[in-house]
Structure formats: C-alpha cells, structure tokens
Amino acid sequence: MHIMEGFLPSPWWQLWFVFSIPVIMFGMYRLNKLVSERRDLLPLLAVAGAFIFVLSSLKLPSVTGSSSHPTGTGMAAILFGPAVTAVLGVIVLLYQALFLAHGGLTTLGANVASMGIIGPLAAYLIYKAGMKANINFYVVVFLAATFADWITYVVTSTQLALAFPSQTGGFMGSLQAFLAIFATTQVPLAIMEGALTALIFKYIIQVKSDALVELKVISQETVNKLRGITA
Amino acid sequence: MTKMLDDYALLSPLRYTNNWLKIGVVGFGILMGISSQAPLVPFSIAICMSLATLIFGRVPPKFYLKLLMGPAVFVVFSIIIIAFFFGGGPELFGFNVLDYHLGVNTGGLSMAFLVFSRTLGGMCCLFFLALTTPMVELFSVLKKTGLPDSFIELSMMMYRYIFVFLDVAWCIKHAQTVRLGYHDLKTSLHSMAMLCSTLFLRSWEQGEKTFVAMNARCYDGKMMIFEEKRPVNFSEVALSLTYMVAIVGVWYVSNGMLEVSFW
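Protein chains in written order, with the numbering used here: chain A, 532 to 762; chain B, 811 to 1073.
Hints in this document: simulated from the structure, not taken from any laboratory. Ideal placement from N, C-alpha and C gives every residue a C-beta, glycine not left out. Please note: incorrect hints may appear among the correct ones.
What the hints assert, rightly or not - Which chain A residues stay away from chain B? Per the calculated CB distances, all over 10 angstroms, these:
(1) 550
(2) 619
(3) 665
(4) 674
(5) 693
(6) 731
(7) 750
(8) 752
Stated by the list, open to error - Below, simulated EDC-like cross-link-like pairs (lysine to aspartate or glutamate); rule was C-alpha separation at most 16 angstroms, straight line:
(9) B:983 - B:994
(10) A:739 - B:1018
(11) A:564 - B:816
(12) A:739 - B:1037
(13) A:663 - A:568
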C-alpha cells in the first residue's frame, strides 16, 4: 500500500528517509560489487526491475470485484535477495509515483521502508528458514509471498499510527484502528498473492528451471524432485 | 491499454521548459504544503498547480479529475480514522459500538482536514511534474545528483523495458481474455500465473540478449545521453516567482493567524 504524497506530517517523513537511506546505500554497495564482478548482471537486474513494475501494475483477480495489485516484492526478494530488492524497490516506487500516481516523493522514504525493505526482508527470512526446514518448495514460496504482502500492510499501518497517535489510546489505540481497516482487509488479498506467486514458480520450473538454478534460488536436486524422478 | 502519465508528459507543451525550474516549483510547493499548519496554504497550492497543469499543460480536465480520484479510497479511509482517534477539544458527535465509544472532536476533525489538504496539495504538485516532465528529461537531472552510475544505468534500462513488458503483458492478457481465461476466479488465477511466469522468462531471455547486444557495441557500464540546453525565458521565471511569493504570503498570513488564535 502506498502512502500518498503529503500524508505524513513533518518529523515522520524525514525519519523514514533516515531509516531507509542507509539500507539503500548498503544495497547500492552490494549492487556495485555484484555488477563489477559480473557485468552481465546489470541488464538482468534492469529487466527484473521492469518485471516487478509490470507485475505490480497488473490487477489481481479478486472475489469481490474490488481491484488490488500484487506487491511483487516477495517474489523479487526470493529471486534476488533483500539488498538488491531494496534498490530495485526505490526505482520501482519512484516510477510508480511518476507514472501511475501511486505514492509520493516526500513519502518515498516511508514507502521504501514498508515495501522495499521490511516486506522483502520478511519474505527472504521465511523463504530461507522454510528451505532449511525442508518444507515443500511451493508451500514455502506461498508462505513467503503471503507474509511479505501482509507485513507490508502492517508496517504501513504502524507508520500511520506513529504519525497520528490516538488522543485516548495513544499509539496503540490508533494502531488498532489502522490495522483493523488495512491489515484485516488485506488478508484475503495476501493469500491470493501467495497462491499466485507459488503458481508462477510452478510454471517457471516446468518451462525453464535453469533460470532459477542460475540465480541460486533452488538447487538442481530440488528441481528434479519437484518435477518427479522421471524428469 | 491504460495510458500512463508519462505519455501525457511526452506530448505536453511544457515539455521543453527548463527542468530545474519545474522541479524547483514542484519541490517548493510540496515542502511549503507539508510544513504548513493551516489548510489554506496547501489548498492554494493545489489550486495554482491544477490551473498550471490544466491551462499551461493542456491536460484534459476529465482525465485530471479521474487522476485525483485514484488515491481517494486510501485517503478517505485514513482521514476517517484520524478524525475519530486524533486530537482533543469538545466532542462534535459520537456513538457507541459494542460498548466502545467513538466520537469525533474538533481537534481530530481539523487534523483530518489539514491532512486532506496537504495530500491534495502534494498530489497536485506531483501530477504537475508527472504530466509535464517525461522521465527521459529527468535522467539528466539524476546524472547531476551524484548518485552511483550503476543506479542510474539501472533506472534507465528499467525505464526502457517497462514499456516493452507492458506491451507483452497486455497482448497476453487480451489473448487470454478472448479465450475466456478470466471467466471465474480459479481460471483467472491460473491465467494470471501463466502470464506472469511467461513474462518472467521473456524478460530473462531479453536481459541475456540485451547484454550481448550492448557488449557488441562496447558498453562499459556508462551510457552517454545528450542533454539539451533549455534556456528559461523571462515570463516563466516571473510567473514562478509571483507564485512563490504569493504562497509565502499566504503561508505567513494563515500560519500567523493560527498562532494568534492559539493565544
């Protein structure tokens, strides 16, 4: 969810920039290192960023007819890791603000924190933990993408509650209200995105699994197991 | 195919005015709006920037209104929460839901109004930039900011491929729709997944091809772009300065009045 331009009052939008900028710097450092080692990665990362942008501008099929867009960040974090996803996230969010009028410039810091940093990081941690615990690959992807989407909304609610604490209940009071409206309505959509991401990986493995092996997302043995021993 | 703001910017009559002037005007509006404690300042910014977009930028008014309605859902929900939970002062009205008292008081309502005006002002500034300045022009600005080269290269290449992949995605989507690929939830989920995975594989292959093509043309990690000189003419500067002075005036008057009313 994008926080609109001008929505966060003065100390908060600067503070979220203070939070996001060091992470982005670290991401750029990692990116520079990766690119200087393997120059063929830059075009690949560029098309990956474009892919995330297009993914997030597609409408997710939903039951009620209300439109929602997948965040795509869970998938990006699984494919490229959280540091690079953060850098791609900044560019995607900037383009979304300028092309589609989603989000804004002063709120870019807050939006990067929720959609580019914390959500992908959650997805990445869940994915790594799940793969280590030897759970089925598709289940892990489903969980990672679902929680990345949902945690993004929880973080956004927290950001709004911090900026606008309730008179009676303080921060917790308004956090409950923002969570009730944004995080609960997002649960079915998050599950939808999780299912979609798992299906996407299923199709990719069926058609061209070497792309995933090359990115070190999964090992060749896992692919063979998923395809069945005959494959 | 949905039209993006960039399409309008490329055709905009303001496209060839100086980038720094436009960025200055927009940045000024955004910062003044967000630092104001009185809703009058962001509202006047919103009116000025909308008029500039509609008259100088010749954006169709119907499209502009539709654009402003886009973020409305998010803003309305959040403002209702702020009105109910924020601020003090005498209560205006309230009701009980399941033994829980909900009320709107003057402090909350004025805060909600202020946030609404700030969002409106900020969105109008952002739309002005988005509808008059194509991304191609902003790249030369980005190059001057001293961000790492790889970051700027990445954003330039991404910009190019966004449009390529949007085309691919829309073609696949149309093809799927005419074959009843979206007639119920389960089918649409599968169609969507097929679309996305095909898109991923296409982009992967495209990335490999691009590397080969660029390497063959001696790409060394730095693309040169031609930056045109865009002189500012007197009337533009005069108009921007008048606008800024007027907004600063409104800022002092309205925020000054606010301080008086606090005493």
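Hints not upheld, ascending by number: Numbers 2, 6, 11, 12 and 13, in rising order.
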